[in-house]
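Visitor: Please work from the sequences and hints to get the whole structure.
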Amino acid sequence: MFLIHCPYCDESRAEEEFHAAGQAHILRPSDPATCSDAEWGDYLYFRDNPRGLHRELWVHAAGCRKHFNIARDTASYEILGTYRIGENLDPGRTS
Amino acid sequence: MWRSPKPRSRYDVVIVGAGGHGLASAYYLAKAQPQLAVAVIEKGWLGGGNTGRNTTIVRSNYLWDEAARLYEHAMKLWEGLSQELNYNVMFSQRGVMNLGHNLQDMRDIERRVNANRLNGIDGRVIDAAECKRHCPLLDVGKSRRYPVLGASWQPRAGVARHDAVAWGYARGADALGVDIIQQCEVTDVLVEQGVAVGVETRQHGRIDAGRIGCVTAGNSGVLAGMAGFRLPIESHPLQAYVSEPIKPILDTVVMSNAVHGYMSQSDKGDLVIGAGIDGYVGYGQRGSFPVIEHTMQAIVELFPFVSRVHMNRQWGGIVDTTPDACPIISKTPVENLFFNCGWGSGGFKATPGSGHVFADMLATGQVNDLTRPFDLERFASGALIDEHGAAGVAH
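So the protein sequences, as listed, match chains H and P.
Add 45 to a position in the first sequence, counting from 1, and you land on the number used in this note's numbering.
For the record, in the second sequence the residue sitting at position 209 is 202 according to this note's numbering, with numbers rising by one throughout.
If you're looking for bench data, these hints aren't it; they were derived computationally from the structure.
By construction, the Cβ of each residue, glycine as well, lies at the ideal position given by its N, Cα and C atoms.
Hints are not guaranteed to be accurate.
Every beta carbon over 12 angstroms from chain P, so not counted as near; a handful from chain H, in silico [what the hints assert, rightly or not]:
id, residue
1, M46
2, F47
3, E56
4, H64
5, T79
6, A83
7, W85
8, L89
9, G108
10, H112
11, I115
12, G131
13, E132
14, N133
For each label pair, taking beta carbons as the anchor points, the in silico distance ranges come out as [claimed, not checked]:
id, chain 1, residue 1, chain 2, residue 2, range
15, H, K111, P, R110, 42 to 52 angstroms
16, P, E370, H, D76, 18 to 28 angstroms
17, H, Y122, P, N305, 20 to 30 angstroms
18, H, G97, P, P238, 19 to 29 angstroms
19, P, R301, H, S121, 47 to 57 angstroms
Guide: Next comes the structure, spelled out in structure tokens:
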């Protein structure tokens, strides 16, 4: 069971209040009309799937309902930190 | 049962991953092309990944033509598998029900059963009374929160003994001269000028290969990373549970997409239960507590009488999910490197078919009519095969 620190509520809450929304920091191509099929497919479907440090988008679905980022180890399940949209996080820092 | 050979320095074909799919690939490849030197290398023990961690359900009632053909190909191989391998895989065609709980469920079920029948796959739409006849302890009362209105019924579907499938294929492949090398972890895929030439292993160093087939389920993304490309795959933990053994109460398989759980009973008497994946990417072979709670809620909703049965064991496997819930059986950006992955939470049922078509790909280097729709190319062309939910896939 994860205890997740919501960077907006500034509280650590149970995993059940949150919903994982996939890989974080995915940029939409600035000019989709000039993308090749492969580039657009890469944006839509291809994801990092690391065994180790992963940056993810989560939403505090049963709380403030805001999206934020988590840096998490997908093998040990350790949460290295949580941070707001638009921010970045040194993975060595522990929130 | 099988030898434990020292690896040679070079094989014509190296298959990475000795699960059911990898061993089946090796078996059918060695059978069709006996002149090839084939090895299967495995970081743990054979059949120790998802092959030994699933709920053993076998069915082929998929909606779309491409998927239906592939899974029905597997079903036909299942029907002769014990004879083919001379090894009892305990394939039991006890039927599978996919329940409908509302009007839209029933419309989807009718559409899918009609599609199945057009594809030559057996199936009927049955009403709640017939569900009750197949499974007297199923609660089909109208007062339930999610009343059972009916189901799709595939009589040829059923269950098989998962370990026996791995062991049978391993024994068969070994007898055909395949080297099965366990405790041999791939640490790198060796690529020279865009061509895969071998693998580096932790225990046995470099092993050269003419062609490499990766059949590593949840770890497919890690293997692809070694070869320098990404896959449209995310790996999630999927849990299963078995109860204490009880007297026979269930001689079929009951699945519900809407209530989100599925259950059968093993020959030992354990109730075998599964449900959904964890929502986040994870490589820990365990599942989260909220999913346990959701699963048990679903099972008790369908079968109130099991509410006091103790769960004996719980475990997790790492499933490789794709955006369209269909597998990837494909060439890759690296020449001579092929992937058979993305089976997500429904790979066990496809084991013989998956091995059979992947063996053909490894022998010829080309797609065939069954594998063409499952090429990686579909994630650029957009020709996805959207089997999410539509097939009654309970996840």
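Visitor: Against each hint, give a clear statement of whether it holds in the structure.
Guide: Against the structure, the hints:
no.	hint	in the structure
1	M46	violated (5 angstroms)
2	F47	violated (8 angstroms)
3	E56	holds (19 angstroms)
4	H64	violated (6 angstroms)
5	T79	holds (15 angstroms)
6	A83	violated (5 angstroms)
7	W85	violated (8 angstroms)
8	L89	violated (8 angstroms)
9	G108	holds (15 angstroms)
10	H112	holds (14 angstroms)
11	I115	violated (9 angstroms)
12	G131	holds (22 angstroms)
13	E132	holds (20 angstroms)
14	N133	holds (20 angstroms)
15	K111(H) x R110(P): 42 to 52 angstroms	holds (48 angstroms)
16	E370(P) x D76(H): 18 to 28 angstroms	holds (24 angstroms)
17	Y122(H) x N305(P): 20 to 30 angstroms	holds (24 angstroms)
18	G97(H) x P238(P): 19 to 29 angstroms	violated (40 angstroms)
19	R301(P) x S121(H): 47 to 57 angstroms	violated (36 angstroms)
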